[in-house]
Every structure is written in C-alpha cells, then in structure tokens.
Amino acid sequence: MIKIRFFTLLQLLLNRKELELPYIPEETIRTLLERIQTQIETRFLHKLLQEQGNLKIGTIILVNGRNIHHLQKMNTPLSDGDEVALFPPGGGG
Amino acid sequence: MKLTDSMLLRVNLSTHTVSEEPIDENLIRQYLGGRGLGSKYFADEVDPMVDPLSPENKLIFACGLMTGSSAPTAGRYMVITKSPLTGTIACSNSGGIWGAVLRKTGYFMIIVEGKSDKPVYLLVYDNNVEFKDASRVWGKKTGETTDILLDEVGEKRARVACIGPAGENLSMIGCIINDKHRAPGRSGVGAVMGAKNLKAIVVKGSNTIEFKDKSAFTGAVKEKIDKIKQHPVTGEGLPALGTKVLDNIINQGGLYPTRNFQFATFDGTEEISGEALVKKGYLKKNAACFACPIGCARDVELPNGITMEGPEYETGWAFGAHCGVNDLHAICEANFLCNELGLDTISAGVTIGTAMELYEKGHIPKEDLEDGPELKFGNSESVVYWTNKMGRNEGRLGKLMAKGSWRMAEAYGHPEFSMTVKKQELPAYDPRGVQGHGLQYATSNRGGCHVRGYMISPEVLGVPEKLDPQELKGKPQWVIIFQDLTAVIDSAGLCLFTSFALGLEDYTDLINASAGFELTPEEVLRIGTRIWNLERKFNLAAGIDPSQDTLPKRMFEPLPDGPQKGAVHQLSKLLPEYYELRGWSPDGSIPKKTLQNLGLTS
Chain A
-18 MIKIRFFTLL
-8 QLLLNRKELE
2 LPYIPEETIR
12 TLLERIQTQI
22 ETRFLHKLLQ
32 EQGNLKIGTI
42 ILVNGRNIHH
52 LQKMNTPLSD
62 GDEVALFPPG
72 GGG
Chain B
579 MKLTDSMLLR
589 VNLSTHTVSE
599 EPIDENLIRQ
609 YLGGRGLGSK
619 YFADEVDPMV
629 DPLSPENKLI
639 FACGLMTGSS
649 APTAGRYMVI
659 TKSPLTGTIA
669 CSNSGGIWGA
679 VLRKTGYFMI
689 IVEGKSDKPV
699 YLLVYDNNVE
709 FKDASRVWGK
719 KTGETTDILL
729 DEVGEKRARV
739 ACIGPAGENL
749 SMIGCIINDK
759 HRAPGRSGVG
769 AVMGAKNLKA
779 IVVKGSNTIE
789 FKDKSAFTGA
799 VKEKIDKIKQ
809 HPVTGEGLPA
819 LGTKVLDNII
829 NQGGLYPTRN
839 FQFATFDGTE
849 EISGEALVKK
859 GYLKKNAACF
869 ACPIGCARDV
879 ELPNGITMEG
889 PEYETGWAFG
899 AHCGVNDLHA
909 ICEANFLCNE
919 LGLDTISAGV
929 TIGTAMELYE
939 KGHIPKEDLE
949 DGPELKFGNS
959 ESVVYWTNKM
969 GRNEGRLGKL
979 MAKGSWRMAE
989 AYGHPEFSMT
999 VKKQELPAYD
1009 PRGVQGHGLQ
1019 YATSNRGGCH
1029 VRGYMISPEV
1039 LGVPEKLDPQ
1049 ELKGKPQWVI
1059 IFQDLTAVID
1069 SAGLCLFTSF
1079 ALGLEDYTDL
1089 INASAGFELT
1099 PEEVLRIGTR
1109 IWNLERKFNL
1119 AAGIDPSQDT
1129 LPKRMFEPLP
1139 DGPQKGAVHQ
1149 LSKLLPEYYE
1159 LRGWSPDGSI
1169 PKKTLQNLGL
1179 TS
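First to last, the protein sequences are chains A and B.
Note that the first sequence covers residues -18 to 74 in the working numbering.
Note that the second sequence covers residues 579 to 1180 in the working numbering.
Next comes chain A alone, as it looks inside the complex (with noise of 0.2 Å):
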C-alpha cells in the first residue's frame, strides 16, 4: 500500500487527511499522483502542479519525510509501505 496524506490548502479542499491506494510496480511520483485524481472527484492536481505538469514553485512532496526535489523530482520511484505528504506552496515565519 502507498499511505497519502494530505495537507493545508489540499486537506481543506478535498476535506480528507489521506488515502491508501495499493502499491503499483514501477510506481512513481507523477503517475501515483494521476492515479490520486483518477480516485478523488475534487480536481487538486493545479494546486501542486504547473500546466505542464512540473511541480510549481513552492510545492513540496515528501516521501517518508524526504523532499522529493532532492530524489527523482517527479520520477521518484516509491516503494511498498512508503508514505507521501503532499503540500501545496505556503510560507509564513
């Protein structure tokens, strides 16, 4: 299984915390994202994405807490059991 959560803007838009989907061979992270949409009706991948499907300026998803700017980017390979956080941009201080 693949454990999502979601958080700030995402968690108030689709009024849920997470979601497990079951772990698909050669998964990634652009295509578990697709596979996200394809189960929630809410649209939510532009408050991640730009439109040509790179990440925005700001986004941030973490695989079992690690960034995945400093992985694969959108190719990150995910592996059985991991947990994927999904944050749109936010800032503060």
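I should point out that these hints are in silico values taken from the structure, not numbers from a laboratory.
Hints may be right or wrong, so weigh each one.
[To be verified] One side of the interface only, derived from the structure: several residues of chain A facing chain B at Cβ under 7 Å: (1) Phe(-12); (2) Leu(-10); (3) Ile17; (4) Gln33; (5) Lys37; (6) Gly46; (7) Ala66; (8) Phe68; (9) Pro70; (10) Gly72; (11) Gly73; (12) Gly74.
[As the list claims (entries may be wrong)] Straight-line C-alpha distance at most 20 Å; calculated SDA-like pairs for lysine to any residue: (13) B:Lys790 to B:Pro600; (14) B:Lys857 to A:Arg(-3); (15) B:Lys758 to B:Trp716; (16) B:Lys719 to B:Lys977; (17) A:Lys28 to B:Glu814; (18) B:Lys862 to A:Leu(-7); (19) B:Lys863 to A:Leu(-6); (20) A:Lys(-16) to A:Gly46; (21) B:Lys696 to B:Lys710; (22) A:Lys(-2) to B:Asn904; (23) A:Lys28 to B:Glu1043; (24) B:Lys863 to A:Leu(-7); (25) B:Lys782 to B:Arg970; (26) B:Lys1143 to A:Leu(-6); (27) B:Lys807 to A:Pro3; (28) A:Lys37 to B:Pro817; (29) A:Lys(-16) to A:Asn56; (30) B:Lys805 to B:Glu598; (31) B:Lys1051 to A:His50; (32) B:Lys858 to A:Glu(-1); (33) A:Lys37 to B:Gln808; (34) B:Lys1143 to A:Arg47; (35) B:Lys1170 to B:Asp804; (36) A:Lys37 to B:Glu814; (37) A:Lys28 to B:Val856; (38) B:Lys805 to A:Leu36; (39) A:Lys(-16) to B:Asp845; (40) A:Lys(-2) to B:Glu598.
Please read these numbers as outputs of a predicted model, since none were measured by experiment.
Beta carbons are placed, not taken as given, at the ideal position from N, Cα and C, and that holds for glycine.
Once you have looked at the hints, place chain B on chain A.
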C-alpha cells in the same frame, strides 16, 4: 512632504523637551530608513556599553523608506535600541497601521531619550508633540490602554503603540503592542520603554507623501502587487492559512522543535495546525496590515468569547509543540495574554518549555511553583497560568521567567537547557534539520531569530529554489545574501513576506521609483551589507564576543527522531567560510579595511 525630505523628532523625557531635525538625504541613500537609518543614528549617538535600562539608552521608532506609501506592505516600522535581553543592538519590526500613521504625522523617526520622572505618553500629530499624563493607564493591559487613550485623544483615526505590565515591570522579554494585536516583539524593547516611564505613543496625522515621479512609482507598485498576487505562496498559501500553513510542513520535514528541542516531530501537530484553526471554527476572517495585498493575518474568536489576531506559526509552536501541548484553545489564550500583558510570544513560550524540562528533570523545586500547576510537558493549564505569572512579574518563578529562559535556567544552575543564541530564544525550526538556517541563527545580530535571513524559504519551502537542507556547500554565501537583502527590505519599510515573490531587482525598482534614486541592484544589496556590518560593529564594541556566534549545546547532539534522525548542526564547518566571505577576520572581528569599504569608519 517629499519622501526623502524627512524630519526626525527628538524627544527628551527627562526634560520634557522636543526638537526637530532634518535628515540628510545622503544618509537615506546609504541606509534607506527604518532598521538601517535608525541603527545608524543609534550607533552614532549611544555608547555601546550603555546599560539598556538606564536613561542613557535611547529608543528609536523609525519608519522605513516607503512606510505609509502605497507600496505593497508598506506599513512597517521598527524599534531600535540596545536590548536588555541580549546586550546587542536590537531592531524589532512590526506591521499593522501604526507605522503608516507615524509617517503621516510628518516624522520619519522619533528618537526618545532620557527618562520621565512619572509615567507619560506622547501624542504626536501633524508635526506636533505633547507630553501627556499616563497615570490613568499605568498598570493596565494593552487593549484597555489603547481604548482609554483613543477615547482621551478623541480621534478615531489615531493609533496607539503601548506597553503592558510586562514592559512596565522591565521584563527582558517585554514587547510593544500597536493596534492591539501587532508587535515589535523581540529582544525586550518593551522593557526599555518601561524603563523610560513611557507608556505609549499615540499618532495621528494627515500629511501625504509626494513622489519625485509619481507615475513611475505607481507603475512600479502595480507591477510588484501583480507579482505578489500571482505567486503561489503570497497569492494563495499565505492568504488562505496565514503563517500557520507551516505547522505540518515543518513537522513532516522533521524540524519541528518539540519539548524544548528534545525531539523534532510532534504527534499533536494536526490538532494545533492552521488547518485545525479553520476546522474548529476559531478562524473568523482574514485580515491585512496597511497596504498589504497578501493579508496573512487571522481574526480569531474563541469559544469563550476572546477575540484576537493570530496565533501566528511561531506563537502556536512556542506554546504548542515546544511545550508538548496539543490544546489549540490554550495556545490561543496564552497568545492573547501575551498581547494583553505585552510579552514576546516566542520568548514567553520557549521560556515555559525550558521551565518544563528543568522541572521534569528535578532542577526546579516543587515549592517554587507556589500555588501554580505543575510544569509538565503537555499541561495546557500550565502554559496559560505561567504566561500570566511571567507577564505580571509575580512569584519567585514568574519573576525569573520574566527575565527570559537563559537567565531563568542559569538561576537554577543549568543554562544549557535554555535554547537561546545570545540569550534570545530560538524560533520554530530545529537548526539540526536546516544547516543554513542554523548558521543564520548563530550569526544573527540580535541573537536567536528567524527573520534576519529566512533560510527556511530555500532550504525547506523551495523558494526561490530548493536547496538541500543538509548540504553545506554554498550555504554561507546564501545566508549572507539573505541577511543583507533582509536588512534592505526592513529598511525599505516592507514586509519580509514580499520576498517570497519579489527579488533584489524588484526592491531596487521600488526604492528608486519612490525616492528618485538611481541605484543599481548591487548598490542596494551593499546597503544591506553596510547595515549588517554596522550592527556587528556595535555589538563587538558592546562586548558581544564572537564566541557567542554559536548554538545551544543540544544542537550539536544527534536529532533523536523523525526523517532527519541523527543529524547534528555542523556550525564549525560553516562559520569560518561565513567570516571570510563577510570580509571579517578568522576571529570574527571586522578589519578596518572592510569597515572602510562600507563607509563605516568615523
């Protein structure tokens, strides 16, 4: 009045006299205003060894270059003084409306000198000032003080900046509160005001700012507002959830200091997050400071009827994860109490968390609690109770807490439990998880602080680009640029949050268009470098030895949990390069040549 044709008001509280002085335009070119210009006057006029709570210390209220104009977020003002908490030069920055109205009085800066023999407040309006008796409001909380003074002045458009009981009682973490909910919060600037018997400054004004080329300024402003509104962080993330959008981001990244920095993740985060503030129905509506297109402020109403602004991310963390508390209501109450009593929320919450660790480890005896609740992590009753005692300077422990966490921990023989840099409490990011941000904590000119160079932006949020938080290469240069650019933004009178969307070229455009200057981006950044070195020079002369450019001992011990488990801060690998790139000596002193290059030799 022309933007660069500005006057300063000098107020002597000992003699109850005032004078006006024009400000040399060349000084504005070199320091802009606010933090830069205020620090320049302060460093020129005050002995660095001055006792911060003596009449010889000065207290400067300074508008930034664009404060009061229509530039995006141009409502900021700064308070410059020598800090009783850190012994460094202090500059605390606040939003709201007060700063913009100060500019409309016709004054760019107020330099407060001496000490009044009895409590007073100042009424400043359209190039006039009056000394008013403050005995009626002395001892009162900030909300009531504000209401009484507005009533007394009889002008609804007037604005009040005042201290509460904490500042009056010389709490070293006492702040100033303007517009009831906004604060130049850090470094104990409220105590300096209290030591001068100055309860408040009320401003009202009708002056307008004139620009050399109004259409150039209006055009630049429009372009920058569009950029801010179109950026995903300032156009959507911050307006939607305010700064508390960060709770889960920082916790999931494994750098959310928990239980006095003993851990880096908090299992109660969901219950105290920005999302929870919405779901529990506490958030009533968004709010904004003067001329702000972002609007990150929150108007909150608690079930018990308390209405307030906030809590901000740092405050929610300080009374929440830092104290192991997952009760959002108690966190909001503690925040409200800080505003009412005039306490810095970061320092107050961190001090309570420090006391909790000291108590749990047996270093604070139970009898010192007197009638108070036990200082155990997770005890929400405790954070509200002890905030009240601290803010009112009551009881043995409350009096110690009012001095900040370092002095309290030292009094119990264990200063190592105080999570401070230069005796100022660290904010809500564990430096072991963000190497650049940790370097910035260690080198900050006002001690532990996140807004002297917010490296969280590139290292965690990925703005303007994503840096690996554990990478060391290149970090000193990033920190220096962030520190210097922040000094520019502060001095320009703009909010640091604009920097999520704007860069050096944008600030250069605004500065040139507003003041009629023709500075290059390199010259503008150099202003920031000059301000940074001016502050450093003052601190060195004040006896702040470079050995204090460090972090609490705990930051060199491995993180025990979370995705960054095992990480330590690697300051010793970063600091020598930082000094070298700054043009400083390996011992942290500033060579004469570096000072000369920046025009800082007298």
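Hint check results:
no.	hint	verdict
1	Phe(-12)	holds, 4 Å
2	Leu(-10)	holds, 5 Å
3	Ile17	violated, 17 Å
4	Gln33	violated, 15 Å
5	Lys37	holds, 5 Å
6	Gly46	holds, 2 Å
7	Ala66	holds, 5 Å
8	Phe68	holds, 5 Å
9	Pro70	holds, 4 Å
10	Gly72	holds, 4 Å
11	Gly73	holds, 3 Å
12	Gly74	holds, 5 Å
13	B:Lys790 to B:Pro600	holds, 18 Å
14	B:Lys857 to A:Arg(-3)	holds, 12 Å
15	B:Lys758 to B:Trp716	holds, 16 Å
16	B:Lys719 to B:Lys977	holds, 18 Å
17	A:Lys28 to B:Glu814	holds, 10 Å
18	B:Lys862 to A:Leu(-7)	holds, 15 Å
19	B:Lys863 to A:Leu(-6)	holds, 17 Å
20	A:Lys(-16) to A:Gly46	holds, 13 Å
21	B:Lys696 to B:Lys710	holds, 10 Å
22	A:Lys(-2) to B:Asn904	holds, 18 Å
23	A:Lys28 to B:Glu1043	holds, 18 Å
24	B:Lys863 to A:Leu(-7)	holds, 15 Å
25	B:Lys782 to B:Arg970	violated, 30 Å
26	B:Lys1143 to A:Leu(-6)	violated, 32 Å
27	B:Lys807 to A:Pro3	violated, 39 Å
28	A:Lys37 to B:Pro817	holds, 17 Å
29	A:Lys(-16) to A:Asn56	holds, 18 Å
30	B:Lys805 to B:Glu598	violated, 39 Å
31	B:Lys1051 to A:His50	holds, 17 Å
32	B:Lys858 to A:Glu(-1)	holds, 19 Å
33	A:Lys37 to B:Gln808	holds, 12 Å
34	B:Lys1143 to A:Arg47	holds, 12 Å
35	B:Lys1170 to B:Asp804	violated, 44 Å
36	A:Lys37 to B:Glu814	holds, 12 Å
37	A:Lys28 to B:Val856	holds, 19 Å
38	B:Lys805 to A:Leu36	holds, 19 Å
39	A:Lys(-16) to B:Asp845	holds, 17 Å
40	A:Lys(-2) to B:Glu598	violated, 59 Å
Hint check: violations occur at hints 3, 4, 25, 26, 27, 30, 35, 40; the rest are consistent with the structure.
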